[in-house]
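2 protein chains.
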Amino acid sequence: MDRPIAIAVDAMGGDHGPEVVVEGALAAARRASDVELVLVGKAAKIRTIMRRLGMPQRRPRVVHAEQSVRMDEAPKSSLKKKKSSLALAADLVRAGEADALVSMGNTGACLATTVLKWRTLPGISRPAIAQIMPVPGHPVLLLDVGANVDCKPRHLVDFALMGSIYAREVFGRPQPRVGVLSIGEEEGKGNELTRAALQELKRTPLHVLGNAEGRDVFSGRFDVIVCDGFVGNVVLKFGEALVQTVFDHIKGEISKSLLSALAGLAIRPHFRNFKRQVTPDEYGGAPLLGVGGVCIIGHGSSGPRAVENAILMAATVARRRVNEKIVAEAGRLADVGGEARPEPALQGADAL
Amino acid sequence: MDRPIAIAVDAMGGDHGPEVVVEGALAAARRASDVELVLVGKAAKIRTIMRRLGMPQRRPRVVHAEQSVRMDEAPKSSLKKKKSSLALAADLVRAGEADALVSMGNTGACLATTVLKWRTLPGISRPAIAQIMPVPGHPVLLLDVGANVDCKPRHLVDFALMGSIYAREVFGRPQPRVGVLSIGEEEGKGNELTRAALQELKRTPLHVLGNAEGRDVFSGRFDVIVCDGFVGNVVLKFGEALVQTVFDHIKGEISKSLLSALAGLAIRPHFRNFKRQVTPDEYGGAPLLGVGGVCIIGHGSSGPRAVENAILMAATVARRRVNEKIVAEAGRLADVGGEARPEPALQGADAL
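Respectively, the protein sequence lines represent chains A and B.
Per the numbering used here, residue 343 is the first one in the first sequence, and the count goes up by one each step.
Per the numbering used here, residue 343 is the first one in the second sequence, and the count goes up by one each step.
The following block holds chain A by itself, in its conformation from the complex (with noise of 0.2 Å):
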């Protein structure tokens, strides 16, 4: 068997406080022999909900962390606190003592802290937040989703370059389908960003299959799917406020009547299926690509089951050595015509 992977968990990140994220952590060492975890927050109180918990065998370790990051704090402001729990985490990992971080927190902060502590990859000029669509039987990774508001070609083409080694290595596709999302198929519709990504894709190696509609992230054409962060963001903001609305209205409908509030309740169970299907607890968080080092980040809201999902998608990436390889693959991009290596930039981190 390999070593174990360890993995850092920022224990105070969330909407929900140290509880959540603790039970989930337990939960995922439990179910994962090989997953060793640190747990970094206010260590007094980490311990006594472990204590409350039960121990699972493979006691974690926890590191104490004086502060945490709010989920609304501005990046900027972050990084000012040099021992958050964020902080902590991703130092652990700068220092090998961790393979991955896991936070269930702001979103903004993870990516300064991440680009400031462990950099970019070689030869990725920006870093994407990837959001696995959760659709039923078939996830779709869609990136960026917010970490780069303003986008050139070069990018889009990072994007799918890390993208498609995520979906070959986590999710097992042997040779993912790339798109790039437009607003028609034709090779020629689009904007400027998204032509002229096509065209620098179409000379990479990658299975780009042409442009994506909006309603390929559910017609299982494509695994992964790039847009600029602005796009990406929007797109997922709306997605879940529409679903939102859909469920809430429904239930108004039902509940309109004695007959179909009776079989309303019949048909509740299945309701809770499918939501559950199409919450993004089923993956537990979204990958950050293209930082020197494995991050997962997860919705504030998360719930256990979330936490735990999270750090087992995070330790198979480190298992998998996805960072790795997506260094190795960006290098053979470079070489076939890829242009001079821009500066890594924190453009989207304060509009996260």
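Since the hints were made in silico from the structure, they are not lab data.
Since the structure is predicted, the reported quantities are computational estimates derived from the model, not experimental observations.
Hints should not be assumed to be uniformly reliable.
One copy or two, either will do: identical chains are not told apart, so a pair holds if it fits within one copy or between any two.
[What the hints assert, rightly or not] Below, simulated DSS-like cross-link-like pairs (lysine-lysine); rule was C-alpha separation at most 27 Å, straight line:
hint	residue 1	residue 2
1	Lys667	Lys425
2	Lys579	Lys544
3	Lys387	Lys424
4	Lys579	Lys387
5	Lys593	Lys384
6	Lys422	Lys459
7	Lys579	Lys593
8	Lys667	Lys593
9	Lys544	Lys384
10	Lys544	Lys598
11	Lys579	Lys494
12	Lys598	Lys418
13	Lys667	Lys423
14	Lys494	Lys459
15	Lys423	Lys494
16	Lys384	Lys598
17	Lys387	Lys593
18	Lys544	Lys667
Please arrange chain B on chain A, whose structure you already have, making use of the hints.
Showing chain B alone in chain A's frame:
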């Protein structure tokens, strides 16, 4: 009473052929005694359908058109058909024989044809397609959803102006609340375009609340949300597919057991009721704003009810003199500190 409003209907547009369009048109004629119809298309066919359906009291005029534009026809190709039902209907408006054009046809062809024949309104930099997002109880105008893939801040200002006047005159919102679609509420969030547009918008007399997020399409906080046509189009198509996916999966879940399948029968009318509220049929079509005439473009898959509603909305737009008000208020905006009026463009037509 005012003089009747004449609506030129492209009877050949849409996926379902003239049957559906003529049926919807006759329903509109029966419902609104102050609307006069001019049905443009294959005259013999239209007359056959009318005879079968029974004539309304005010018999529609029929104008024969030898050609028609296919739903998948490129805008450039559509412009070569000088005798298409779409071209002749637009000619009727230009000649003053009709007050508005309604087509359930090819959006790109409608845009190209009307810009060519009608030009853009004085003071308006770019036409925009405004989608009426069918949020139950509170329709929201989202524009542009596809006429302009690459926008400048000035274009978004024009979209906001046109959308505000439309929301006021057609939906009766006394002081429409305007938002810029972005990735966070705070003013600094967004991409280069949205940040600059928000600054320009705040110098106008429009009621600009600030940035809107994707979820604000449903939040009721805004009446008009502006974005570039690329983002709007992606969001629109993503949303349509998402709603369909949710419905399909709920149906699939419900059919998994006999009890829930029976329960599903009981709630089916409520589902339908909700679906009817959220289909674009409720409004019939998307207003094309900024061109020198009234044009409502329906979805190709529209049924008769959508055609009927599109015609009635077109009549309201004409009666409320929406375009004259746009020209007047654009003139006042320009006096406040606008720039020179750029050339009208057909940039988006081929992308639709």
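A quick look at each hint next to the structure:
In this assembly of identical chains, lysine 667 and lysine 425 lie within 27 Å of each other by CA distance neither inside one copy nor across copies; the values are 32 Å within and 59 Å between. In the homo-oligomer, the alpha carbons of lysine 579 and lysine 544 lie at most 27 Å apart only across protomers (25 Å), although the nearest pairing inside one protomer, at 30 Å, exceeds that limit. With identical chains, the CA atoms of lysine 387 and lysine 424 are at most 27 Å apart within one copy only, with a shortest distance of 20 Å there and 77 Å across copies. Taking the shortest alpha-carbon separations for lysine 579 and lysine 387, neither the intra-copy value of 33 Å nor the inter-copy value of 47 Å comes in at or below 27 Å.
Taking the shortest Cα distances, lysine 593 and lysine 384 never come within 27 Å of each other, neither inside one copy (41 Å) nor across copies (46 Å). For the homomeric pair lysine 422 and lysine 459, the shortest alpha-carbon distance inside one copy (13 Å) is at most 27 Å, but the shortest distance between copies (60 Å) is not. For the homomeric pair lysine 579 and lysine 593, the shortest alpha-carbon distances inside one copy (21 Å) and between copies (25 Å) are both at most 27 Å. Taking identical chains as interchangeable, the C-alpha atoms of lysine 667 and lysine 593 are never at most 27 Å apart, the minima being 46 Å within one chain and 41 Å between chains.
For a Cα distance limit of 27 Å, the shortest separation of lysine 544 from lysine 384 qualifies neither inside one copy, at 50 Å, nor across copies, at 45 Å. Taking the shortest Cα distances, lysine 544 and lysine 598 never come within 27 Å of each other, neither inside one copy (53 Å) nor across copies (43 Å). Proximity of lysine 579 to lysine 494 under the C-alpha cut-off of 27 Å is found in both arrangements, the shortest distances being 23 Å within a copy and 24 Å between copies. For a Cα distance limit of 27 Å, the shortest separation of lysine 598 from lysine 418 qualifies neither inside one copy, at 49 Å, nor across copies, at 50 Å.
For the identical chains of this complex, lysine 667 and lysine 423 are neighbours neither inside a copy (32 Å) nor across copies (54 Å), given an alpha-carbon limit of 27 Å. For the homomeric pair lysine 494 and lysine 459, the shortest alpha-carbon distance inside one copy (25 Å) is at most 27 Å, but the shortest distance between copies (37 Å) is not. Proximity of lysine 423 to lysine 494 under the C-alpha cut-off of 27 Å is found in neither arrangement, the shortest distances being 32 Å within a copy and 39 Å between copies. Taking the shortest Cα distances, lysine 384 and lysine 598 never come within 27 Å of each other, neither inside one copy (48 Å) nor across copies (47 Å).
In this assembly of identical chains, the alpha carbons of lysine 387 and lysine 593 never lie at most 27 Å apart, being 39 Å within a copy and 45 Å across copies at closest. Taking identical chains as interchangeable, the C-alpha atoms of lysine 544 and lysine 667 lie at most 27 Å apart only when both belong to the same chain, with a minimum of 20 Å there against 48 Å between chains.
Violated hints, in rising order: 1, 4, 5, 8, 9, 10, 12, 13, 15, 16, 17; the structure is consistent with all others.
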